[in-house]
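4 protein chains.
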Amino acid sequence: MIIVMKPGATEENLSRVKEKIERAGLSYHLSVGENRTIVGVIGDKKIIGSIEENMSVLDGVEKAVRITEKYKLVSREFHPEPTVIDVRGFKIGGEELAIMAGPCAVESMEQLREAAAEVKKGGAQFLRGGAFKPRTSPYDFQGLAEDGLKMLRSVGDEFDLRVVTEIVDLNDVELVSKYADVLQIGARNMQNFRLLQAVGHGTKPVLLKRGLSATISEWLNAAEYVMSAGNENVMLCERGIRTYETFTRNTLDLSAVAAVKELSHLPIIVDPSHGTGRWQMVQPMARAAVAAGADGLIIEVHPHPEVALSDGDQSLTPKNFRATMDEVRKIAAIMGRK
Amino acid sequence: MIIVMKPGATEENLSRVKEKIERAGLSYHLSVGENRTIVGVIGDKKIIGSIEENMSVLDGVEKAVRITEKYKLVSREFHPEPTVIDVRGFKIGGEELAIMAGPCAVESMEQLREAAAEVKKGGAQFLRGGAFKPRTSPYDFQGLAEDGLKMLRSVGDEFDLRVVTEIVDLNDVELVSKYADVLQIGARNMQNFRLLQAVGHGTKPVLLKRGLSATISEWLNAAEYVMSAGNENVMLCERGIRTYETFTRNTLDLSAVAAVKELSHLPIIVDPSHGTGRWQMVQPMARAAVAAGADGLIIEVHPHPEVALSDGDQSLTPKNFRATMDEVRKIAAIMGRK
Amino acid sequence: MIIVMKPGATEENLSRVKEKIERAGLSYHLSVGENRTIVGVIGDKKIIGSIEENMSVLDGVEKAVRITEKYKLVSREFHPEPTVIDVRGFKIGGEELAIMAGPCAVESMEQLREAAAEVKKGGAQFLRGGAFKPRTSPYDFQGLAEDGLKMLRSVGDEFDLRVVTEIVDLNDVELVSKYADVLQIGARNMQNFRLLQAVGHGTKPVLLKRGLSATISEWLNAAEYVMSAGNENVMLCERGIRTYETFTRNTLDLSAVAAVKELSHLPIIVDPSHGTGRWQMVQPMARAAVAAGADGLIIEVHPHPEVALSDGDQSLTPKNFRATMDEVRKIAAIMGRK
Amino acid sequence: MIIVMKPGATEENLSRVKEKIERAGLSYHLSVGENRTIVGVIGDKKIIGSIEENMSVLDGVEKAVRITEKYKLVSREFHPEPTVIDVRGFKIGGEELAIMAGPCAVESMEQLREAAAEVKKGGAQFLRGGAFKPRTSPYDFQGLAEDGLKMLRSVGDEFDLRVVTEIVDLNDVELVSKYADVLQIGARNMQNFRLLQAVGHGTKPVLLKRGLSATISEWLNAAEYVMSAGNENVMLCERGIRTYETFTRNTLDLSAVAAVKELSHLPIIVDPSHGTGRWQMVQPMARAAVAAGADGLIIEVHPHPEVALSDGDQSLTPKNFRATMDEVRKIAAIMGRK
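Residue numbers (the numbering used here), protein chains in the order written: chain A, 3 to 340; chain B, 3 to 340; chain C, 3 to 340; chain D, 3 to 340.
It cannot be assumed that every hint is accurate.
Copies of the same chain look alike in the list, so a pair counts if it works inside one copy or between any two.
[Unchecked claim] Listed next, the in silico BS3-like pairs over lysine-lysine satisfying Cα-Cα at most 25 Å (straight line):
no., residue 1, residue 2
1, Lys20, Lys123
2, Lys65, Lys180
3, Lys65, Lys8
4, Lys321, Lys8
5, Lys122, Lys22
6, Lys65, Lys332
7, Lys332, Lys47
8, Lys152, Lys47
9, Lys152, Lys332
10, Lys22, Lys180
11, Lys65, Lys48
12, Lys123, Lys22
Calculated directly from the structure, the hints in this document are not laboratory data.
Please model the entire structure based on the sequences and the hints provided.
Following this line, the structure appears as C-alpha cells:
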C-alpha cells in the first residue's frame with residue numbers, strides 16, 4: 003500500500019500514520035518530495051489489506067493506493083504453470099479445445115436428446131443445460147429442477163457427454179453433484195459468497211461465470227473463495243459485461259481472456275451466446291474467442307430456437323452450430339490446439 | 003410486445019409470426035408501412051413475456067420490443083397509493099424521515115454501544131450493523147455471525163432502536179429474524195433469487211438494495227420476487243451503481259428515487275455512504291437524497307472510523323453525523339416531513 | 003508517480019528504472035519489501051507525467067501508478083478561495099443561485115419571446131437557447147445559426163436576461179461572443195481541445211459541460227485547457243453521464259457537485275433536463291442539485307414542449323418551471339443562498 | 003415509431019396524438035389492447051424522427067419507441083454490397099488485410115524512419131503517426147504539427163507506405179490532405195460534427211474512430227455526417243469503449259465488428275493498441291479481431307517504446323510487431339484473406 007499525504011500535512015499527521023502502520027506489525031519507507039510525502043507500507047498483504055480502508059480517514063492523508071491484489075491461490079505469481087482440470091478423462095486447459103453446448107434450459111427429454119445428438123455430432127464433449135434457471139422475473143420459466151438434472155445425466159450418458167449445469171442454491175451441492183460433472187456458478191451469483199464456499203467444500207469442478215459488472219480482480223477474488231475453501235478445480239467463464247451499448251445484450255470482453263492468462267493459472271472458457279445475446283454474432287465471436295486464447299467455448303444450441311422456453315434469441319440451430327464448429331476448429335489448429 | 007419485420011420480409015415470414023402469436027393464445031394488430039410491417043401483440047403480459055425471446059429468431063423479424071414491464075405487485079399502476087411499512091411503530095414511507103445509522107460491521111459490544119448512543123443522539127430510529135459481511139476477498143473480516151446479531155438486539159433494545167442487518171444465507175431467515183427488525187438484502191445478492199424467495203416467505207420487512215449494475219427494472223423485478231412469495235413489506239435502497247468514474251466508489255443515482263416514486267408504491271431509502279465511498283461526500287448527498295424525495299437514509303457511523311474493520315473510509319464520525327442530521331432535518335421540513 | 007516492480011525483478015531491471023528517472027532530472031526513494039520493491043518518483047509533476055507511460059514497458063516493472071493530477075490552474079490546492087464569475091453584474095458562484103432557462107433550440111422570435119417572458123417571471127437571470135445544435139443525426143434540426151443568435155440577443159435585452167448559448171465551431175468565437183454573455187461548450191465537445199483553446203483565448207465566460215463519459219479528472223483537465231489559454235472565467239456544468247441504465251437518458255451524477263467543490267475553486271451548475279431526459283424528473287433533481295451544493299441550474303423550458311424542434315421530452319412547461327422554482331428557492335434558502 | 007399509451011389514457015388523449023401525427027403528414031395504425039392502446043406511426047423516417055421527442059410530453063402517452071435508425075447512406079439495408087475503398091492502389095475492405103502501423107506520435111525523422119522500416123518489414127501497407135495529438139492535459143506533448151506531416155509524407159514515400167494521420171481542426175482539411183492518404187478522426191472528435199462535415203466535403207478517405215462511449219448507432223450516424231456531406235470513402239475503427247473495468251485502458255468491443263458488418267457496408271478496422279492500452283494484449287486481440295472479421299488493423303509500433311513521447315505502454319517493439327503479424331497472417335488465411 004502507498005499512502006499519499008496531502009501537500010499541507012503536518013509532522014503530527016505523519017506520526018499518526020506511522021504509528022498506525024507500526025501497531026499493525028508492518029513497516030514503511032518514506033519518500034519526501036517537495037510538495038508531499040509518500041509512505042510505502044511493507045509487510046504481509048493480508049494485514050495491509052485490513053488497514054487500507056482506515057488510512058484515508060486520518061488527518062493529512064490524501065489517499066491510500068492498493069498495490070497488490072489480495073488473491074493468492076488463483077494467482078499466476080505463485081503458480082506459474084497453467085492448471086489443467088480433468089473432467090472424466092477430458093482435460094480442460096489441455097491440448098484440446100473444450101466445447102460445451104446444449105439448450106439454455108432443459109425443457110423435456112425429447113428436446114434434450116435432440117440437442118445432445120446434434121451437439122455431439124458437432125464435436126462437443128460437454129452437454130450444457132439448465133435445470134434451475136435464475137430469471138429476472140419471477141413469472142418466467144424457472145426450470146425443471148431435479149427432473150431436469152435426471153434428464154441431463156441420462157442423456158449425457160446416452161451420448162457420452164459430460165454434464166455442465168448451474169447450481170443456484172447452496173443446499174443443492176450434494177443434489178446437483180449427484181448428476182452433474184461440472185457445477186456452474188452463474189453471473190448473478192458470482193459474489194454469492196456462501197454459494198462459492200459451498201461448492202468450494204465439494205470436489206466437483208466449478209465453472210465460475212464472471213458477474214455482470216465484475217472487474218477481473220473481483221472475479222479472481224471470487225475464484226479465491228472457492229479455492230480457499232478447498233476445491234482447486236476452478237475454471238473461469240467470460241460471458242459478457244454490462245455496458246451502455248444496447249445493440250448487444252452484453253459486451254463480450256475478450257481482453258479478459260488475455261488478462262486471465264496473465265494474472266492466473268486457471269483455464270478460461272468463453273460464452274459467446276450470453277456474451278452477445280444475438281445468435282447472429284455467436285459464430286464470429288466464437289472464432290475470436292479461440293483466437294484470443296480461450297481454453298473452450300460454451301454455446302447455446304437448441305433444436306428449435308423459435309420455441310425455446312428461454313434465450314431463444316441467442317441459441318444456434320444445430321446447422322449453425324456445426325458451421326460454427328467447422329470454423330472454430332480451423333482457428334484452434336492455428337492456436338496449436340486440437 | 004411490438005414485432006418489427008425486416009424491410010424485405012415475405013408474406014410467409016409474416017404468417018409464421020402470426021401463427022406463433024395465435025398459438026400462444028394472444029392476438030395482434032398490423033401496421034403496414036411503406037418499408038416495413040409492424041405487429042402489435044395484445045394479451046396477457048406474462049404470456050407475451052414468455053414468447054418474446056423467440057420472436058427475433060424467426061425469419062423476417064428484425065426485432066421484438068418489450069412494451070410493458072413484467073412486474074405487477076410492485077407497480078404503481080395497480081396500486082396507486084404509496085405503501086407505508088410499520089416497523090415496531092415507526093412508519094417507513096410515512097411522515098417522518100427514517101434514519102438508519104451505525105457501523106458497517108459489528109465489531110464488539112463496546113463499539114456498538116458507543117455507536118448506538120451516538121446515532122440515537124443524532125436522531126436515528128434504527129441501528130444498522132453487519133453480523134454477516136459479504137467481502138470481495140475471502141481474507142477480509144467476515145463478521146461476528148450470531149454473536150453480532152445478539153449484540154445488535156441487546157444494544158438496540160438498550161437504546162430503543164430498531165435493528166437492521168444483512169442476511170446472506172437463505173438458511174438464516176429464522177435465525178436473523180429472531181434478532182432483527184428489518185432484513186437487508188445486499189447489492190451483491192439482489193439477484194440471488196433463492197434468498198429473495200426465502201425472505202419472501204417470511205414476514206419481516208425487507209430492505210432490498212439495488213445491485214451494483216442493476217437497472218431499475220431488474221431491481222423492481224427483484225422486489226417482485228419477494229412480494230410474489232408473500233411478503234409485502236419491501237422497501238428499496240439506492241446505494242450507488244457501477245460506472246466508469248473512479249473518484250467515487252460508486253455513482254449514487256438519485257434519479258432512481260424519482261423513478262421508483264413514479265413506477266412503484268414502495269418506499270425508498272438512500273445510502274450515501276456506500277453510494278459515494280467517501281465520508282466527505284455523505285453530508286451533501288444525504289441532503290440531496292432527501293430533496294429528491296427519499297423516504298429515509300441509511301448511513302455508516304463509526305465511533306472511531308480510523309480503526310474500523312471495514313469501510314472506515316466512508317464512515318462518519320459521531321460529530322459529522324450530528325452535523326449531517328441537522329442539515330437533513332431542515333431539508334426534510336421543506337419536503338413536508340418531520 | 004509510484005513504480006511497482008515485479009516480485010522477480012532483478013537488480014539490473016531496477017538500475018534501468020533508476021537511470022530513466024535520473025535522466026529525466028527527477029529523483030526517487032526506494033521501499034524494499036519482502037516480495038517487491040517500490041520506487042517513489044519525486045520532482046516536477048509535468049516531467050513526471052511525461053515519462054509515466056513509458057515506465058511500464060521496462061523489464062521488471064509491474065505498473066506505474068499516478069499520484070497527482072496534472073491540472074493546476076483549476077485546482078483548489080493552489081487557489082483555496084471559490085471563484086466568483088461576474089456576468090454583467092450577476093455573480094455566478096456568489097450568494098444568489100444562478101438560474102439559466104429557456105428552450106433547447108431557438109426556433110422563432112415568437113417562441114423565444116414567450117419562453118423568455120416565462121422564465122423571467124419564474125426568476126431566471128439567464129436565457130438559454132441553442133442557435134447551433136449538435137445533433138446525433140445529420141437529418142435533425144441543426145439550429146438557426148446567426149439568425150438565432152440575433153434573436154437571443156434581442157430577446158435577452160428586451161427581458162433583461164443574460165444570454166447563454168452553445169458554440170460548436172472554433173471559427174465562431176468572435177461571432178458568438180458578439181451576441182452571447184456566456185459561451186457554452188457542449189458535452190460532445192468537452193475534449194475538442196482546439197475549441198477549448200479558442201474560447202480560452204477569448205474573455206467571455208465559458209460554461210463547460212461534462213462529456214458523456216468524462217471522468218471528473220478529464221473534465222477538470224478540459225477546464226485547464228481553457229484557463230491555460232488565458233480565460234479564467236470558467237464554470238463547470240454536470241449534465242448526466244452515460245451508464246447502462248436506460249430508464250433515464252443519462253445518469254445525473256450529483257456527487258460530481260461535491261467532488262468539484264473539493265477539487266476545484268470553479269463554480270458548478272447542474273442541468274437536470276439533459277441529466278435525466280424526462281421532464282417529470284426535472285423538479286426533484288433540481289431540488290437535489292441545489293441541496294448538493296450547486297451554484298446554479300440550467301433548465302429547458304419551452305412554451306409548448308409538444309411542438310419543440312428538439313428535446314421536447316425533457317422540457318418543462320412554464321407552469322412546471324414556476325413550480326420547480328418555488329421549491330428550489332426554499333432549498334436554496336436552507337443552503338444559505340438567495 | 004411506436005407510441006404506447008398509458009393504461010388510463012382517455013379518448014381525448016388519443017385524439018391529440020392522432021392529430022399530431024396527421025399534422026406532420028404521417029399516418030398510423032392502432033392496436034387496442036385490454037389495458038392499453040398502441041399507436042404505430044407510418045411514413046418518412048426523417049419526419050418521424052423529428053416529432054419523436056415531443057410525443058412523450060402529450061398527456062396519456064407512456065413512451066415513444068424508436069423503431070428505425072435515422073442513418074441511410076451507411077446502412078446495409080439500401081446498399082447490400084460491402085464497400086471497398088481504394089487508397090492509392092490498396093483496396094481496404096478487399097481481399098487483403100489492411101495493416102496500419104507506426105508510432106503514436108511523430109517525434110523525429112530518425113524515429114519515424116526507423117519505425118517505418120520496421121513496419122514495412124512486418125508487412126504493413128500503411129504508416130500511422132500523429133502530428134496533431136489531442137491530449138487529456140494541456141501540458142502533455144501536442145505533436146509536431148506541419149513538420150510532423152512533412153516527415154510522414156517523406157518517410158511514407160521513402161518506404162512506399164500510405165500515410166494515415168489524425169486531423170483535429172476543421173481548418174486543417176486542406177493542409178492535412180496535402181500530406182496524408184487517409185484522414186483519421188479520433189475518438190474524442192467522433193461527434194465533433196463540424197469536423198465531420200469538413201472532411202465530408204473533401205475527397206480523402208476517412209478513418210472514423212468510435213467515440214469513447216459511443217453506441218454503434220451513434221457511430222454510424224457520425225459516419226452518415228461524413229457521407230451526407232459528399233465523401234463516401236469512410237471506414238470505421240473500433241478502438242475500445244469506456245467501461246468500469248480498470249485493468250485495461252478501454253474494453254475492446256469486438257462484437258462491434260460483427261455488428262458493423264450486419265448494419266453497414268463500410269469497412270471496419272480494429273485498433274488493439276488503444277483498445278487495450280497494454281502492449282502485452284495487442285497480439286491476442288489482433289488475432290481475435292481478424293477472426294471476428296475485421297478488414298484491417300491499426301497498431302502502435304515504436305522502435306523504443308520506453309522513450310516514446312506518448313502511449314509507450316501500449317506500443318509494440320518491432321520484434322513483437324513481427325511476431326504479431328506472423329500470427330495474424332495465419333488467422334487471415336483461415337478467414338479467406340491474404
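Can you give the numbers of the hints that this structure goes against, from lowest to highest? Numbers 1, 2, 5, 6, 7, 8, 9, 10, 12, in rising order.
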